[in-house]
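Read top to bottom, the protein sequences are chains A and B. Residue numbering for the first sequence follows the working numbering, starting at -9 and increasing by one per position. Residue numbering for the second sequence follows the working numbering, starting at 4 and increasing by one per position.
FYI, nobody ran anything at the bench for these hints, they're computed from the structure. Nothing here was measured: the structure is a model prediction, and the numbers come from that model. All residues carry an ideal CB built from backbone N, CA and C; glycine is no exception. Any given hint could be a false lead.
Distance condition first, Cα-Cα at most 20 Å in a straight line; then the derived EDC-like pairs of lysine to aspartate or glutamate [what the hints assert, rightly or not]: (1) Lys(-5)/A - Glu15/B; (2) Lys88/A - Asp160/A; (3) Lys407/A - Asp31/A; (4) Lys362/A - Glu38/B.
Per the computed footprint, the stretches of chain B lying under chain A, defined by three or more beta-carbons under 8 Å from a beta-carbon of chain A, are [unchecked claim]: (5) 47 to 56; (6) 62 to 71.
Okay, here's what each chain looks like letter by letter:
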Amino acid sequence: MADEKVLRKWYSGMFSSEDWWAVWLGLAMVVFGLASLVGVDLVGWVAIPVKWAEPAKGLKLSGAAYQGIHPLVGLAANYLIFTALVTLGAWAMKWNVKKFFLGWTVIFTITWICWFAGHNVHLAAMENEMGSFGISWSLNMGDGASYLLALAVGLFIGNVTKGLAAFLKDAAKPEWFIKTAIVYLGVKLGVKCMSAAGFAIDLALAGAAATVVAYMLFWPISYLIARKAFKMSRDWAACLASGVSICGISAAVATGGAIRARTFIPVVVSILVVVCTIFMIVGLPPIFTGTLMDEPMVAGSAVGMTVKTDGGDAATGAILDDMMRSKASQEGTKWEEGWILTAAVMTKIWIDIFIGIWAFLLALLWVYKVEKKPGQARVPLSEIWFRFPKFVLGYLIAWFTYVAVSCISPDAIAAAKIGAGPVQHGMRHLFFMLTFVSIGVITNFRKLKGIGKPAIVYVIMQFLIIPPLALLIAWIFHHGMMPPVVGG
Amino acid sequence: MRTDLEMVISSEADGWVARGDEFVASGASWDELEENLRQSLAASERYSAGTRVSVWMGCDARMIPEWMRPYMCHYFNRVVHLQI
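One chain only, chain A, in its complex shape (with noise of 0.2 Å):
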C-alpha cells in the first residue's frame, strides 16, 4: 500500500501535505523572531512598503539592525530566503519543482508590484494624512488598496490570459499561502494578548458558541432546502449543505468521504464554492462597512461564518479590517489593526476544527440511519484526526507561546516584540498579498458553465439564506464587542 496516498498513520501527510507545510514555514519564522529574547533580530530583514509619494521612500527593512541596508538589496534577500523556504516545501511536497521556482517567481513579482504600487498615497493615505503628504486628493483605502489590486490582477490572468494562469497554476496556492499566514497572525494574536489578554479570551469564545450554534442551524436548514424544496438525493444535499453551510471544500470533501458519495459531487460543490467566494471578498467588506460600523466584530464573525473558504475569509476579513478602521478613523476613532480580522479568522478556524468531528457524526448517522449496517461497519476515531486542520496547530503554537513568554518572564515583553514584529506584520501581509494574487489566478468563473440546479441551489443558499442567518448569530454572541483603541 503506498502510505503516502493514504492516511494511515497518525503522521501520515506530515511532510507532504500544504496544511503540515503551514506549520513548518509558519512556525520556522516564529522560532527565528523569538532569537529576539536574546538580543538577536532574525527576522528584521523582512521588506514592507509603507505609504509612498515618492517611490524611493516607499520601501523599507522591518527591523531596526536592518536600516543600514539598501531596501532593494534587502528585497532581493527577501525574495531569495522565502524562495528557498517555498521551494523546499514544493521539493517535499513532490510538485514539479522547476515549474513551481519559475511561476512563483512570477508571483512574488506581481504580488510586490501590486503591493507597492497600493501603498501610493493617492490609493492609500487616510483623510487625516493628506496633508503630511501634502495631497488634495486620495481614495482613502489602506492596506485594502494593494488587497483588491492583488485580487484584481491575479483575476484578470485567471480569466484573461489563459496561457499565464496554466503558467502560474502550480505554483498558485492559496491555501497554503493564507494557512502560513494563519500562523503568522497567531504571533499577532499572541502579541495583543500581552495587553489586551481579556478581550481576546472573550473574542474566542464567543467564536466557539457562534460555530456551535451555526452548525446545528445552517446545516439542518441548508439540507432541508435541498432535499424538500428542490429534490436533491441525499449525497447531494449533505454534500451541498456542508459546502455552503460550513466550510466550503474541506467540508464538501469531508461529508462526501464522511457518507461515501461518489467523488464527482464533492467537486462539483467545491467548484462553486470558489467562484461565489470571490463575490463574497469584493461584496462583504463594503456592505459591513456600510452598515455595521457601530458592531465591527459582529461584522467579523459574520465574515468567518458566510465565506467559506480560509483564503477568502481571511482575505475579506483583511479588507474589511481596513476598510472599518479607516472609516472609524476619519470619524475620530483609532482601532487597533487586525482584531476584525481575527474575529473573522477565529470563527473560521473554530469551524474547521468542528469539520472533522461533523463528518464523524454523519458517518455515523449514515452507517446507523441511512445504510442500517450498524454491525457491518465502523468508523475509526482516527477519521476526525486525518479532517483536523493541522495549520490550527501552527496558529495555536505561535499564538500561546508569546502569551507563555508574556506570562513566565514579563520583562521580556519588548524584546519579545521586537521579533514578533516582522513576522505578524511584514511577513502575514506578504502570504496574505500572495494569497489574494493566487485566488484570482485560480478562480475561472466559466468553471459554473453547465452545472445547473446545484448552481441554483448553492447559489440562493450561500447569499439569501447564510448571510442574514450569520449575522443573527453574529450579534447574538459578538454585540457590544468593540476593538481596542490605539494608545487606550
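Assemble chain B onto chain A, guided by the hints.
Coordinates of chain B only, in the frame set by chain A:
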C-alpha cells in the same frame, strides 16, 4: 487497530474498486463492492465459512482532484466486517 485485511479504495467511472493483499473487488455501489469482496474472500479458501473478517479500507487520496487536495486531502477510511 489491527484488521484481517487492508485494502485501498479508488473511484472509477462506473463505481468503486478495492485492491489489497491479492484481492480486487469492484462495485457500482458499496453494497455491491462489499458483496463481491465477500465472495472473493470465500472463494480464496483463506477464510473458512462462518468466519467474520475485518477489512480496513482507506481511500487513495488521488481520487480527490489535485486542486482540491489543499483544502482536504482525506476522503475516508472505514472498517467493514464481512461474514464469510
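Do the hints match the structure? See the list:
1. A hinted pair counts as satisfied when its Cα atoms are at most 20 Å apart, and Lys(-5)/A with Glu15/B qualifies at roughly 16 Å.
2. At roughly 10 Å between alpha-carbon atoms, Lys88/A and Asp160/A fall within 20 Å of each other, so this suggested pair holds.
3. Simply put, Lys407/A and Asp31/A have alpha-carbon atoms about 11 Å apart, close enough for the 20 Å limit, and the pair holds.
4. With a C-alpha separation of about 16 Å, the suggested pair Lys362/A and Glu38/B falls inside the 20 Å cut-off, and the hint holds.
5. Proximity of the region 47 to 56 of chain B to chain A, defined as three or more residues with a beta carbon under 8 Å from a beta carbon of that chain, is not established by the 0 residues found.
6. Interface restraint, the region 62 to 71 of chain B with chain A: holds (9 residues with C-beta to C-beta distance below 8 Å; minimum three).
The structure is inconsistent with hint 5 alone, although it conforms to all the rest.
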